[in-house]
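2 protein chains.
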Amino acid sequence: MISVEEARTRILAPLVPVGTETVALGEAWGRVLAREVVARLDNPPADVSAMDGYAVRSADTRAGTALRLIGSAPAGHPFGGEVGRGECVRIFTGAVVPNGADSILIQEDATREGEAVIASCEAPTGRHIRRRGQDFDRASVLLAPGRRLGARDIGVAAAANHPFLTVRRRPRIALLATGDEIALPGEPIGPGGIVSSNSLMLAALIRAAGGEPVLLPLATDDNDAIGATARAAAGMDMLLTIGGASVGEHDLVRTALAAEGLTLDFWKIAMRPGKPLMHGRLGSGQPVLGLPGNPVSAMVCSVLFLLPALARLSGTGDEGPTPVEAVLEEGVGANDHRADHLRARLSVGRDGTLLVRAFPRQDSAMLRRLAEAEALILRPPGAAALPAGATVQILRLDGYGL
Amino acid sequence: MISVEEARTRILAPLVPVGTETVALGEAWGRVLAREVVARLDNPPADVSAMDGYAVRSADTRAGTALRLIGSAPAGHPFGGEVGRGECVRIFTGAVVPNGADSILIQEDATREGEAVIASCEAPTGRHIRRRGQDFDRASVLLAPGRRLGARDIGVAAAANHPFLTVRRRPRIALLATGDEIALPGEPIGPGGIVSSNSLMLAALIRAAGGEPVLLPLATDDNDAIGATARAAAGMDMLLTIGGASVGEHDLVRTALAAEGLTLDFWKIAMRPGKPLMHGRLGSGQPVLGLPGNPVSAMVCSVLFLLPALARLSGTGDEGPTPVEAVLEEGVGANDHRADHLRARLSVGRDGTLLVRAFPRQDSAMLRRLAEAEALILRPPGAAALPAGATVQILRLDGYGL
Chain X
1 MISVEEARTR ILAPLVPVGT ETVALGEAWG RVLAREVVAR LDNPPADVSA MDGYAVRSAD
61 TRAGTALRLI GSAPAGHPFG GEVGRGECVR IFTGAVVPNG ADSILIQEDA TREGEAVIAS
121 CEAPTGRHIR RRGQDFDRAS VLLAPGRRLG ARDIGVAAAA NHPFLTVRRR PRIALLATGD
181 EIALPGEPIG PGGIVSSNSL MLAALIRAAG GEPVLLPLAT DDNDAIGATA RAAAGMDMLL
241 TIGGASVGEH DLVRTALAAE GLTLDFWKIA MRPGKPLMHG RLGSGQPVLG LPGNPVSAMV
301 CSVLFLLPAL ARLSGTGDEG PTPVEAVLEE GVGANDHRAD HLRARLSVGR DGTLLVRAFP
361 RQDSAMLRRL AEAEALILRP PGAAALPAGA TVQILRLDGY GL
Chain U
1 MISVEEARTR ILAPLVPVGT ETVALGEAWG RVLAREVVAR LDNPPADVSA MDGYAVRSAD
61 TRAGTALRLI GSAPAGHPFG GEVGRGECVR IFTGAVVPNG ADSILIQEDA TREGEAVIAS
121 CEAPTGRHIR RRGQDFDRAS VLLAPGRRLG ARDIGVAAAA NHPFLTVRRR PRIALLATGD
181 EIALPGEPIG PGGIVSSNSL MLAALIRAAG GEPVLLPLAT DDNDAIGATA RAAAGMDMLL
241 TIGGASVGEH DLVRTALAAE GLTLDFWKIA MRPGKPLMHG RLGSGQPVLG LPGNPVSAMV
301 CSVLFLLPAL ARLSGTGDEG PTPVEAVLEE GVGANDHRAD HLRARLSVGR DGTLLVRAFP
361 RQDSAMLRRL AEAEALILRP PGAAALPAGA TVQILRLDGY GL
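Going line by line, the protein sequences match chains X and U.
Per our numbering, the first sequence starts with residue 1, numbered consecutively.
Per our numbering, the second sequence starts with residue 1, numbered consecutively.
It is worth saying that the hints were derived from the structure and are not from the lab.
Check before you lean on any hint, since a few could be wrong.
Covered by chain U, per the in silico footprint, the following chain X stretches (three or more residues, Cβ under 8 Å) [unchecked claim]:
1. 155 to 161
2. 190 to 202
3. 273 to 287
4. 292 to 302
5. 330 to 338
Facing chain X, a subset of chain U residues (Cβ under 10 Å, in silico) [to be verified]:
6. G30
7. I70
8. P74
9. F136
10. A158
11. I182
12. I189
13. E260
14. F359
15. P360
16. A371
17. Y400
Note that the coordinates shown come from a computational prediction; the quantities given were computed from them, not determined experimentally.
All C-beta atoms, glycine included, are put in the ideal place defined by N, C-alpha and C.
All chains, please: the whole structure from these sequences, using the hints.
Structural data, given as structure tokens:
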């Protein structure tokens with residue numbers, strides 16, 4: 001049995017970012033940028049007014065001065081002439097400052113009298129003018145590859161005049177759930193059968209992490225059936241098997257995949273829940289991750305190993321959920337030789353401290369309880385018992401669409 | 001001018017959750033549940049083994065006892081007979097415990113000798129058996145309406161045998177950007193024109209919040225054009241206008257919408273950036289939110305008002321981003337009468353404290369800077385200057401796909 005850290009290192013090592021594709025900017029939200037976004041223009045493209053008012057020559061303005069109104073400059077309709085001595089031009093927010101003008105007299109500081117505008121105070125040079133390129137200059141690098149694009153990034157790319165972006169395609173993850181006993185929801189359930197919760201749960205997790213799940217048909221506990229289904233996953237970025245990775249006679253995935261050229265890397269991790277995690281690659285080079293069939297174990301393993309793998313395949317700089325600190329509301333017992341991941345609730349103390357409390361019962365068959373958990377308390381192998389008030393490392397589960 | 005809080009209250013007051021639709025479970029991730037999920041079966045559906053081993057009668061087991069192997073119970077293939085005195089049945093994880101057996105002797109504690117199984121220790125009653133309904137009982141309510149479904153919820157609904165769920169449909173938000181000066185990225189830009197960043201940025205924000213953006217064609221600064229475009233938004237859950245909500249002569253949205261029966265609620269808020277925020281409803285009852293044309297102002301207003309509105313329309317219990325506390329890394333000046341929202345970076349201090357530092361320049365024309373911000377520092381009207389080390393309220397921008 002290897003450690004969680006070593007397992008993660010070995011799972012991530014062979015993974016490289018998937019290829020790229022071009023998407024319309026309107027479809028790029030949430031995608032991972034693959035090519036830097038370079039400004040195609042200055043923003044603003046010219047000196048523009050930041051306010052509604054009058055474009056003036058600062059030297060002409062003093063309280064009581066009357067300026068001659070010679071035209072108007074709404075946004076999108078620049079004034080073609082020049083503002084001479086004693087003249088002004090009506091201007092609106094976002095409009096180009098006309099030649100000759102060097103300041104904006106805001107309308108609150110001006111009185112209009114026919115074709116004259118009376119300033120009630122001085123308009124200092126440069127006041128209320130947004131300089132060309134103040135936000136960014138043409139050719140500046142605005143967004144770097146590896147960034148998962150948020151709404152504001154879409155705004156920046158739009159302002160930089162990019163109708164399309166180059167992003168990583170979504171990593172395609174094939175899901176192969178095995179077992180004579182499982183059926184998808186609503187399908188006939190045989191004697192001793194159960195409804196498969198893993199396939200759809202993990203497909204959702206893959207979507208949450210920006211991947212594209214490909215649900216292979218459920219495979220019965222049969223070498224040929226498993227092999228044939230696995231071959232259908234050729235060309236996907238990873239084959240994820242569910243169940244059958246343990247030691248029982250009916251755990252056929254390893255044998256079935258051996259016929260597909262499986263090179264096994266490891267198949268047991270010193271962790272709980274989730275000991276029987278398998279890793280390897282097929283003859284084609286396709287990475288294989290074999291999750292335990294128990295849904296709680298499968299989910300915890302996915303948080304620890306699949307999310308980082310998806311991050312690596314997606315080309316983001318990060319590597320999935322990062323531990324943060326929290327304070328125990330209640331003590332926890334000593335741990336054995338397997339890294340433990342206690343399902344827990346979070347709260348915030350009066351002084352703003354993040355508090356965490358493990359559920360009293362940690363049975364790995366309790367999916368409902370896992371769904372209620374807001375965090376996993378990380379308990380390293382051999383960790384001593386800890387009293388209430390001790391600081392522990394946790395993985396938050398409440399912010400990833402999990 | 002009204003306060004931010006009053007504006008939010010008035011925007012939210014008339015909003016009710018949108019209607020519902022049925023989606024396949026595989027498509028329900030990220031959607032808001034509209035009808036509770038009730039378990040359609042017990043989980044597990046019967047007493048099942050938690051381990052690979054032998055189903056036994058506890059009373060028969062003692063170190064050295066030989067048990068007669070009478071059959072096998074793989075998962076999905078229940079053993080039809082009964083385990084009598086001195087007998088055992090080979091069993092695998094997840095398989096139904098046969099009648100007569102009351103304990104599982106795990107395979108590590110047993111030696112097989114032909115048709116005999118020798119126990120190396122006692123197997124206490126109930127050991128390694130997952131009781132029927134241990135996770136949940138048929139008819140228990142597993143997921144409540146209003147929940148935004150994460151991957152684990154999908155797993156729970158699958159385990160409860162639901163192939164479909166009833167969710168809120170995505171709130172449809174029509175986006176109407178106005179201005180003679182704006183063009184979408186890659187389209188011809190006229191003299192004094194700029195590329196519109198708001199439409200696509202806000203469409204992305206609406207998606208991030210689970211809504212469905214409907215991008216109306218850009219409208220020129222013309223009453224009829226704006227009115228005709230707005231009429232195309234009939235039936236949407238909200239009309240979002242962008243630009244033209246200020247006081248200038250060329251801010252036509254209010255006048256144009258007056259012809260559509262606009263009842264104005266308010267159109268100025270004591271805040272920065274974003275003073276000219278308009279709210280009202282059309283003759284049809286359709287809510288209208290008018291965002292400022294400045295992208296930084298539009299985005300900040302969207303975080304403060306549009307996200308809560310989308311949460312309300314989506315039927316989630318929450319109301320959008322919630323302020324949290326952070327400690328100033330650098331002092332901030334006194335504030336005037338308008339609530340301010342300083343763009344800022346976050347970091348974590350050595351003791352785990354969340355630290356925040358405002359960008360030195362807060363110009364509302366700097367979209368690039370807004371995209372780099374990780375938080376908004378909330379500065380109430382009339383707030384005194386604060387030194388480094390003071391605690392402030394912030395809105396985090398780093399966790400909403402913003």
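E260 of chain U as chain X interface residue, shortest Cβ-Cβ below 10 Å: violated, 23 Å
Verdict on chain U covering the segment 273 to 287 of chain X, criterion of 3 CB contacts below 8 Å: violated (count 0)
Given coverage of the segment 292 to 302 of chain X by chain U, checked by CB-CB distance under 8 Å (3 or more): holds (count 4)
When the least beta-carbon distance from F359 of chain U to chain X is tested against 10 Å, hint result: Violated, about 13 Å.
Within 8 Å of chain U's CB atoms, at least three CB atoms from the segment 155 to 161 of chain X: coverage verdict: With 7 residues closer than 8 Å to chain U, the segment 155 to 161 of chain X meets the three-residue bar; holds.
Satisfaction of the A371 of chain U interface hint, Cβ to chain X closer than 10 Å: Hint on A371 of chain U: holds, closest Cβ of chain X at ~4 Å, below 10 Å.
Per-stretch coverage check for the segment 190 to 202 of chain X, three Cβ contacts closer than 8 Å to chain U: Held - the segment 190 to 202 of chain X has 13 residues with a Cβ nearer than 8 Å to chain U, which meets the minimum of three.
Hint status (Cβ of I189 of chain U to nearest Cβ of chain X, threshold 10 Å): Result: holds, 8 Å to nearest chain X Cβ.
Agreement of hint I182 of chain U with chain X interface, Cβ distance less than 10 Å: holds, 8 Å
Agreement of hint P360 of chain U with chain X interface, Cβ distance less than 10 Å: violated, 14 Å
Per-stretch coverage check for the segment 330 to 338 of chain X, three Cβ contacts closer than 8 Å to chain U: This one is violated; 0 residues, fewer than the three required, reach chain U with a Cβ under 8 Å.
Interface restraint verdict for A158 of chain U against chain X (beta-carbon cut-off 10 Å): holds, 4 Å
When held up to the earlier numbered hints, the structure conflicts with 3, 5, 7, 13, 14 and 15 and fits the remainder.
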